[in-house]
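J.: All chains, full assembly: derive it from the sequences and hints.
Spelled out from the first residue to the last, the chains are:
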Amino acid sequence: MNPKLITWKYASPPYFYPLAGKMIPWFALLAVLLGIAGLWVSFFVAPTDAQQGEGYRIIFVHVGASWMSMFLYLVMAFWAGIGLSFNTKLSSMMASAVAPTGAMFAFLSLWTGALWGKPMWGTWWVWDARLTSELILLFLYLGFIALQAAIDEPRRADKAGAIIALVGVVNVPIIYFSVKWWNTLHQGASVSLTQAPSMAKTMLLGMLLMALSFWMYSIAMVLTRVRAIMLERERHSDWVANLKEVRS
Amino acid sequence: MNRTGSIRTLGAFGVLAAVVRRDLLLALRRKSEVFTTLFFFVIVVSLFPLGIGPELGLLRKIAPGVLWVAALLATMLSLNRMFAADYADGTLEQMVLSPTPLGLMVAGKILAHWLVSGLPLVLIAPILGLQFDLAPRALVVLVISLLLGTPLLSMIGAIGAALTLGVRGGGVLVSLLTLPLYIPALIFGAGAVEADISGLGAGGHLSLLAALFALAVFFAPWATTAALKIALE
Numbered sequence: 001m002n003p004k005l006i007t008w009k010y011a012s013p014p015y016f017y018p019l020a021g022k023m024i025p026w027f028a029l030l031a032v033l034l035g036i037a038g039l040w041v042s043f044f045v046a047p048t049d050a051q052q053g054e055g056y057r058i059i060f061v062h063v064g065a066s067w068m069s070m071f072l073y074l075v076m077a078f079w080a081g082i083g084l085s086f087n088t089k090l091s092s093m094m095a096s097a098v099a100p101t102g103a104m105f106a107f108l109s110l111w112t113g114a115l116w117g118k119p120m121w122g123t124w125w126v127w128d129a130r131l132t133s134e135l136i137l138l139f140l141y142l143g144f145i146a147l148q149a150a151i152d153e154p155r156r157a158d159k160a161g162a163i164i165a166l167v168g169v170v171n172v173p174i175i176y177f178s179v180k181w182w183n184t185l186h187q188g189a190s191v192s193l194t195q196a197p198s199m200a201k202t203m204l205l206g207m208l209l210m211a212l213s214f215w216m217y218s219i220a221m222v223l224t225r226v227r228a229i230m231l232e233r234e235r236h237s238d239w240v241a242n243l244k245e246v247r248s
Numbered sequence: 001m002n003r004t005g006s007i008r009t010l011g012a013f014g015v016l017a018a019v020v021r022r023d024l025l026l027a028l029r030r031k032s033e034v035f036t037t038l039f040f041f042v043i044v045v046s047l048f049p050l051g052i053g054p055e056l057g058l059l060r061k062i063a064p065g066v067l068w069v070a071a072l073l074a075t076m077l078s079l080n081r082m083f084a085a086d087y088a089d090g091t092l093e094q095m096v097l098s099p100t101p102l103g104l105m106v107a108g109k110i111l112a113h114w115l116v117s118g119l120p121l122v123l124i125a126p127i128l129g130l131q132f133d134l135a136p137r138a139l140v141v142l143v144i145s146l147l148l149g150t151p152l153l154s155m156i157g158a159i160g161a162a163l164t165l166g167v168r169g170g171g172v173l174v175s176l177l178t179l180p181l182y183i184p185a186l187i188f189g190a191g192a193v194e195a196d197i198s199g200l201g202a203g204g205h206l207s208l209l210a211a212l213f214a215l216a217v218f219f220a221p222w223a224t225t226a227a228l229k230i231a232l233e
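As given, the protein sequences belong to chains A and B, one line each in that order.
No gaps in the numbering here: position 43 of the first sequence is 43 in my numbering, and each next residue is one more.
No gaps in the numbering here: position 214 of the second sequence is 214 in my numbering, and each next residue is one more.
No wet-lab data here; the hints were simulated from the structure.
If you're wondering where the values come from, they're calculated on a predicted model, not measured in any experiment.
Take the hints with a grain of salt, since some may be wrong.
Quick list of in silico lysine-lysine cross-link-like pairs, BS3-like style, CA-CA up to 25 angstroms [to be verified]:
#, chain 1, residue 1, chain 2, residue 2
1, B, Lys-61, A, Lys-180
2, A, Lys-244, A, Lys-22
3, A, Lys-9, A, Lys-118
4, A, Lys-22, A, Lys-9
5, B, Lys-61, A, Lys-89
6, A, Lys-89, A, Lys-201
A few chain B residues that don't get close to chain A, going by computed Cβ distances all over 10 angstroms [stated by the list, open to error]:
#, residue
7, Leu-28
8, Val-34
9, Gly-57
10, Leu-97
11, Val-122
12, Ile-197
Every residue gets a Cβ at the ideal spot worked out from N, C-alpha and C, and that includes glycine.
T.: The following block contains the structure:
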């Protein structure tokens, strides 16, 4: 067998569609199992924080969501860049499929950040460097989604989206550091998590389990969404017409 | 474009100058558009004291941010004009097809856009700053920061303008795309004036603004060119 054929075969929608369909249940199962384990550790095993009491437990969701929102932006820009440079349809579809999940995690991160901020800082919102850059990240996701939604022609939408994703990825570090300097110069919120005493091991374990669960959830969601995008875009092709679920 | 010829006969600066001259001439024939941006800037800045109250201490404190945010919005409003007319009458297509590097012509268009809608803001800003009781030194810093910052806004905005060419609801969309990218310019631009007022010295902020400027000079025409080619495919 020619190894090259095996590797690149799945870059084509007719082959990737069934493969994604087979992968989704496994990643969904992993997400549920890791989620149950993570929630169990974070609610029953992790000790109560000496300074922050029980309220701190929201960070088990918050930290994972923030990590995923940032990571997914990189994943999105990566697929968008591949799609733009190699002109591969599936890569661009992946980028479009990643964006809503990333935006959801950015929103979740802001939401849980506000819930955490109320008992800790006494207000729902603090113009803290991380919260602010997370908000801007959400704006970047929304810009990408809105641009793609506004362009009717799928291939142009892919490419225009790729450019804004790549411009965004260049700008994310610049935005992050400018917001950080802005924050330190203005000396708004002085509470910082980085100075927090070293975490209990079980807390870290809970956080990692939750982050892994979110990761698996993202993969399952993105694959589900990319399958839908494939069906929508290739609805006039033979392979879609011959699918079992389409014929019946 | 036949009068301007190709890069061989004109040279890089000749092409740049030809594009700038053409766009400036077009802008001069429709002066109202230039003044609309300028008046928008003036009106938005004047609204803040009305909304917040005439207390000078407070106004002095918010002046850098207000002027900068107003400059951001004014630039953004004028972005649609950068390519839209050329796109509608086919000039842009000829530019893409011509042997002259598109990046060079795009740079010329960005420069012309700044001369028409950025430079007037820089020139009028000190007068508006006086309304907010800024000290003369702070006014100088404000002008320098806007002088560095408004071309940066034109360059970043060009990418958004090119991406939304001929797209439904392009005007609103361009703001959603470019405003988040304007944030570093806003932080360092307004920060420079604030740092000067508080006695910290504006040097650091202005250097960072200049660094962003240099980065944008390199990347923005390139990204805009790619976006234009996609829009015209």
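J.: Look at each hint and say if it fits the structure.
T.: Each hint tested on the structure:
{"no.": "1", "hint": "Lys-61(B) / Lys-180(A)", "verdict": "holds (21 angstroms)"}
{"no.": "2", "hint": "Lys-244(A) / Lys-22(A)", "verdict": "holds (14 angstroms)"}
{"no.": "3", "hint": "Lys-9(A) / Lys-118(A)", "verdict": "violated (51 angstroms)"}
{"no.": "4", "hint": "Lys-22(A) / Lys-9(A)", "verdict": "holds (16 angstroms)"}
{"no.": "5", "hint": "Lys-61(B) / Lys-89(A)", "verdict": "violated (51 angstroms)"}
{"no.": "6", "hint": "Lys-89(A) / Lys-201(A)", "verdict": "violated (44 angstroms)"}
{"no.": "7", "hint": "Leu-28", "verdict": "holds (32 angstroms)"}
{"no.": "8", "hint": "Val-34", "verdict": "holds (28 angstroms)"}
{"no.": "9", "hint": "Gly-57", "verdict": "holds (18 angstroms)"}
{"no.": "10", "hint": "Leu-97", "verdict": "holds (18 angstroms)"}
{"no.": "11", "hint": "Val-122", "verdict": "holds (21 angstroms)"}
{"no.": "12", "hint": "Ile-197", "verdict": "holds (13 angstroms)"}
Hints 3, 5, 6 from the list above are not met by this structure, while the remaining hints are.
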